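Student: Order-wise, the sequence lines are chains A and B. Number 1451 in the working numbering belongs to position 721 of the first sequence; there are no gaps in the numbering. Number 17 in the working numbering belongs to position 1 of the second sequence; there are no gaps in the numbering.
Misleading hints may appear alongside valid ones.
[To be verified] Heads up, simulated DSS-like pairs for lysine-lysine below, C-alpha to C-alpha not over 30 angstroms straight-line:
1. 1279(A) <-> 1291(A)
2. 1385(A) <-> 1413(A)
3. 300(B) <-> 900(A)
4. 303(B) <-> 366(B)
5. 1351(A) <-> 319(B)
6. 774(A) <-> 327(B)
7. 30(B) <-> 944(A)
8. 1340(A) <-> 900(A)
9. 279(B) <-> 253(B)
10. 794(A) <-> 300(B)
11. 1270(A) <-> 1018(A)
12. 30(B) <-> 1340(A)
13. 1346(A) <-> 60(B)
14. 303(B) <-> 1358(A)
15. 1351(A) <-> 734(A)
16. 1388(A) <-> 1443(A)
17. 1346(A) <-> 279(B)
[Claimed, not checked] For the chain B half of the interface with chain A, some residues (derived, Cβ under 7 angstroms), not all of them:
18. 28
19. 37
20. 40
21. 78
22. 79
23. 80
24. 295
25. 346
26. 359
27. 360
28. 368
29. 370
[To be verified] Which stretches of chain B does chain A cover? Using the computed rule of at least three CB atoms under 8 angstroms from a CB of chain A, they are:
30. 306–312
31. 335–343
Hints listed in this document are in silico derivations from the structure and should not be mistaken for laboratory results. Owing to the predicted nature of the structure, the values given are computational and were not obtained by experimental measurement. We put the beta carbon where it would ideally sit given N, CA and C, even for glycine.
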Amino acid sequence: MRLKNCHIENFGKLKNFDYNFSDGLNIINKENGFGKTTFATFIKAMFYGLPSTTKRNLDENERKKYMPWQGANFGGNIVFEVDGRTYKIQRFFGKNNSEDTFELYDTKTGKQSTDFSQNIGEELFGLDCDAFERSAFSSQKILGSNVNESISNKFRNTIQGVSEEFNFEKAIEILNNKRVRLYNNKNSGEIQSLEAEIEKIEQDIRDIGSSSVKIDILSQSIEEDDLQIQKLQKNIDLVKTQIKQYSVVQQNIANKEMLNVLNGQIKSLQEQGKNANLLLNGVNIDEKSVDLQILNNQNTENKETILKTKLEISYVEEKNIELSEYFKNGVPTEDEIVVAEKNAQLVEKKYLSDTNQNGIKNGSKKYFSLFNACLLVLAIVGVVLGACMANNSLVLAIVLIGLGVICFLGFAFLYFKNMINNKFEQNRTKIDESNLESFEEAKEQLKSFIEKYENSDNFRTALSKIVEKKDEFFEVKKQVAKKEQEVMQLKEQIGQEKMQMRMFLNQFVFETGSLKAEDKLLLVKQAINQKVKIQEELVKKQNELENFKKDKNILENVELKGEDIVQLQKKESDLQRDIDKLKEDRSMLVSSISAIQNELSGLNDLEIEKENREQKLKKLKTELMAVKNAKKYLEQANESLTSKFLQPMKSGLKKYLKLITGVEFENLHLDTDFNVSFDEYGKIRELDFYSKGYKNIVDICLRLALIDALFDKQKPFVILDDPFINFDEKKVQNTKIFLNELAKEYQIIYFTCHSSRC
Amino acid sequence: MKFIHCADIHLDSKMETNLPASKARERKKEILATFERMVEYASKNDIRAIIIAGDMFDTTRIASSTKLRILNLTRKNSGVDFLYLAGNHDENNFIASIEELPLNLKIFGKDWTNFVYDNVCISGIMMTDENCKVLYDTINLPNDKLNIVVMHGQVVKNLSKPTRESIVLQKLANKSINYLALGHIHSYCTEKLDKTGVYAYSGCLEGRGFDECGEKGFVVLETSENQIQSRFVQFAKRTISVIEFDISNFDNWFEIEDAITQKANEIDKNNLLKITLTGRYNLKMEKHISMLEQKLDDFYFVKIKDQSVLKVDVSDVENDCSLKGEFIRKVLESSLSDEEKEQTILVGMKSLMLEDL
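Only chain A is shown next, with the shape it has when bound in the complex (with noise of 0.2 angstroms):
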């Protein structure tokens, strides 16, 4: 393919810039600054776009370094030729790729053509950006920018696509430090320690696991003692049937004892019954009439009692006889006592009258005169007093004078008081002297009434003594009229309740007749009693007999056949002793299971402990599968790339060491780490012995070389950024040379700063 022209809109340094290709060698002499790497970097974008990244800095950042500030059109054209037919690339960058456009037109046409992507670079040369940026385009980086660097690793570097150092063999050496880490001939490798830990948690596991089949065994073991003790239910439970069978006619015959027993015990009671019947004579009674009965016959008796008590002579009626004796010559009357009483009076007062004038006429008079005579004395006295008093104390004499005052007013009352009890005595003397007859005559009256009932001469304690017995006379005998009342009563009804009483009991037969009221009723009473406890006890019984029926199913030919209870009861023990142990053995066997169960619920943290080791295994495993494969094929594309660019880069190296030199070179070197060395009479020289500029032209070469090993689809041009800046004189002639006749076979686009080296 050929370049024909370009057309810079505008691309870092470069702004509305035309550049016309020449078919061959395109010699771009300008001086530094002017923009050759941009200018290269511009075809470059042309074909392959430019990457997007967001690395900051400028040199890894082609679409930062190279964007015009003002925000004009970022891009431009150009035009080339491939297989006889011309295309038109046009690109414009924005900030990213999904800003960018690409058009690609026909120019024959001037249409846009589908023949090529936007991947037109790789489409066209059949290699990717990389591998093109470091053979044809990126000359500078390879040849000039560091003459130290071996050209052999240069060359490695530039066919495995790094930049650095020479990464194959360090990426070998990782790959192998891994797998050693993993697994080694030591057998202290990663796989290997977790293998021999899973293996020692297997053997466990395995151990453990063992005892799995052991619970099988021992299942089994319960299930024929399960058996087994089924079985000897089954027999034992046939002998329970026997001794319940054996017992149920034993109970029988019990039964039957006991249902004569009750049988005998209700027939007594009946007879009981019948004693207690005849005395009650068919008459239906209960116990609390009886009661009422006896207390009845008891208030018969008391009243009896009471009677013959009010019977008997008493102290009312031995007073009435007393008082009768008293009163034989008749009882007084009121009026009588009236008179005798007002005659008593009468006598009294003329015996006192007389005996109290005497008295008070000596005596009265005399205290009288003295205790008048005192008070005029402290009357006069305190009048006196108080008068002289009068000039020292006011007070003093006024309350004497007052005091004088008071004793004379009394003195003065006492005296006038005298005189008109003196007036009326001397009238009362006259009255008593015209009663005297009659006085006499009241006295005969009265001693004759009282000598009547009583000889004393006292009249007043006699007479009372007459009114006091005469008024008992009258209670008395009032009292004995109303005992003789109650007498008379008490025998009525006494009478009628005997009468009662013995109608009542004539409704029953007692055997003997000679008894008294109360043994009759106390018989009738206990009779009533005795029927109603029999009675009861008569349902009682019956009831007990009739459940008892009921319960017990009493067969009547019922007989003991086979063994007897003894025989069947040892066979029963046996059995149940085989059944026990049995059992025993059983629950031990369960334990057994139980300890086994439980030392296997153990395993689960070992398979987990397994598991998680196994799962990291795993992934150790495909780790080192990984390496080994990655080594693996890490060295087959070593090998296939050395293989593959290893023989065309030896003639080419030969062919452009022949133009460049004009020399053949038959006994050059180049091994399979692309290091180059001569044969010299035998000898092998490395190229490390020859010169700077010497060297120069064998990278130069070796370069031209891996163009043509590298484009075997499309013969790109081939951009070379001032190489020859080492050369002396000779050898830039030479160069020239040496460019022409590449041209014939490249576009050459070849920038240099100096007019020397065009």
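Since the structure of chain A is provided, determine the placement of chain B on it from the hints.
Tutor: Then chain B, alone, in the frame of chain A:
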């Protein structure tokens, strides 16, 4: 009257979530604790019986402490009956190792066994190779009662040769079954059995593996005069969640990490979380799986499974004449499996870039 239908407790069983041993032990205890909580729930909510439709234990491994706890729990809650059906994992080892069964622990045998509670008849059968073909003919349910039937196995619509693990629904239809209580499937589901009856798997009480995601618990059955109402009760202490994440459309790992973290934040931290990376990624993508695991460390347990595939084929490197291109071409053209190719390329590329492996 109320009943609980549960199954597949798998007490003392091994965890399937690749948990570290200590967490696996803890989780095992949690399963036992959840079972105990369920019994407590039954006691407090007047549940007459707990129907255990198989696989209460796993294989032969029953720790004595677990057995003792279960027996004590059974005896302690004497008001609740435990109707126990052995499943395909139980093999009756639990029953075999009990000396004396508590009165309220009742076992479904190898023949149809009925337990009657007022107007409810609960029938169950332990399926064996011997009875699995004939059990459909021997079932005999009372017509005047509500019938609950208990079985353990995988339902199949129809099967000419039934096995001990298959339950042929067609053969159980129109047999007066009101509720078919099943065990074996570890997630709750319910479907119609016939015109009047339904069948249901209660699922397990706690998820044990990442294939046992979602809500776990038991079914409460409430019977009335002529019908049975059922409702699922979510009861697990932790659920297992899975996030499937396609990384194809992401340019760099950090965006992936952010997106996954955001998704994970919607999930309860007490849960067990599995993240599966899917899709295709290119060679430039550097994955930091262990860092993502570290970031999600606040979950009870996190597992990241990378199933994403390296996006590279021969056409991608056909114009790359470098060692890298040649290496990738060689690997892609090799007879290695896709996974091996991916691993090999990744390791090779890392070594070429002198990265530590």
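Student: Hints first: check each against the structure and report whether it holds.
Tutor: We went through each hint and held it up to the structure:
Taking the CA atoms of residue 1279(A) and residue 1291(A), the gap is near 24 angstroms; set against the 30 angstroms cutoff, the hint holds. With a CA separation close to 23 angstroms, the supplied pair residue 1385(A) and residue 1413(A) stays within the 30 angstroms bound. For the proposed pair residue 300(B) and residue 900(A), the alpha carbon gap of about 21 angstroms is at most 30 angstroms, so the pair holds. Between residue 303(B) and residue 366(B) the alpha-carbon distance is near 12 angstroms, which keeps this suggested pair within the 30 angstroms criterion.
Using a Cα cut-off of 30 angstroms, the hinted pair residue 1351(A) and residue 319(B) holds, with the two alpha carbons roughly 20 angstroms apart. The hinted pair formed by residue 774(A) and residue 327(B) meets the criterion: a straight-line CA distance of about 27 angstroms does not exceed 30 angstroms. Note on residue 30(B) and residue 944(A): the hinted pairing holds, with a Cα-Cα distance of about 21 angstroms set against a maximum of 30 angstroms. Taking the CA atoms of residue 1340(A) and residue 900(A), the gap is about 36 angstroms. The hint is violated against a cut of 30 angstroms.
Taken as a hint, the residue 279(B) and residue 253(B) pair is honoured in the structure, with Cα atoms around 21 angstroms apart against an allowance of 30 angstroms. A distance of roughly 21 angstroms separates the Cα atoms of residue 794(A) and residue 300(B); the hinted pair therefore holds under the 30 angstroms criterion. Taken as a hint, the residue 1270(A) and residue 1018(A) pair is honoured in the structure, with Cα atoms around 23 angstroms apart against an allowance of 30 angstroms. This hinted pair checks out: residue 30(B) and residue 1340(A) have alpha carbons roughly 12 angstroms apart, not beyond 30 angstroms.
With a C-alpha separation of about 47 angstroms, the suggested pair residue 1346(A) and residue 60(B) falls outside the 30 angstroms cut-off, and the hint is violated. Taken as a hint, the residue 303(B) and residue 1358(A) pair is honoured in the structure, with Cα atoms around 22 angstroms apart against an allowance of 30 angstroms. A C-alpha spacing of about 57 angstroms is found between residue 1351(A) and residue 734(A), which places the hinted pair above 30 angstroms, so the restraint is violated. At roughly 25 angstroms between alpha-carbon atoms, residue 1388(A) and residue 1443(A) fall within 30 angstroms of each other, so this suggested pair holds.
Under the criterion of a C-alpha separation no larger than 30 angstroms, the hint pairing residue 1346(A) with residue 279(B) is consistent with the structure, at around 28 angstroms. At about 5 angstroms, the closest approach between the beta carbon of residue 28(B) and any beta carbon in chain A falls short of 7 angstroms, and the interface hint on this residue holds. Taken as an interface hint, residue 37(B) checks out: its beta carbon lies about 5 angstroms from the nearest beta carbon of chain A, inside 7 angstroms. Satisfaction of the interface hint for residue 40(B) is found here, the shortest Cβ-Cβ separation to chain A being roughly 5 angstroms, below the 7 angstroms cut-off.
Because the closest C-beta pair between residue 78(B) and chain A is about 4 angstroms apart, less than 7 angstroms, the hint holds. Nearest Cβ of chain A to the Cβ of residue 79(B): about 4 angstroms, under the 7 angstroms cut. The hint holds. For residue 80(B), the interface hint holds, since its Cβ comes within 7 angstroms of a Cβ in chain A; the closest pair sits about 4 angstroms apart. A distance limit of 7 angstroms between C-beta atoms decides the matter here; for residue 295(B) the minimum to chain A is near 20 angstroms, and the interface restraint is violated.
At about 4 angstroms, the closest approach between the beta carbon of residue 346(B) and any beta carbon in chain A falls short of 7 angstroms, and the interface hint on this residue holds. A cut of 7 angstroms between beta carbons decides the hint on residue 359(B): the least distance to chain A is about 4 angstroms, and the hint holds. About 4 angstroms separates the beta-carbon of residue 360(B) from the nearest beta-carbon of chain A, less than 7 angstroms, and the hint is met. Among the interface hints, the one on residue 368(B) holds; its C-beta lies about 5 angstroms from the nearest C-beta in chain A, closer than the 7 angstroms criterion.
Satisfaction of the interface hint for residue 370(B) is found here, the shortest Cβ-Cβ separation to chain A being roughly 6 angstroms, below the 7 angstroms cut-off. Closer than 8 angstroms: that is the beta-carbon criterion, and the region 306–312 of chain B has 0 residues meeting it against chain A, so the requirement of 3 is violated. Coverage of the region 335–343 of chain B by chain A holds in this model, with 9 residues showing a Cβ closer than 8 angstroms to a Cβ of that chain against a need of three.
Of the numbered hints listed earlier, those contradicted by the structure are 8, 13, 15, 24, 30.
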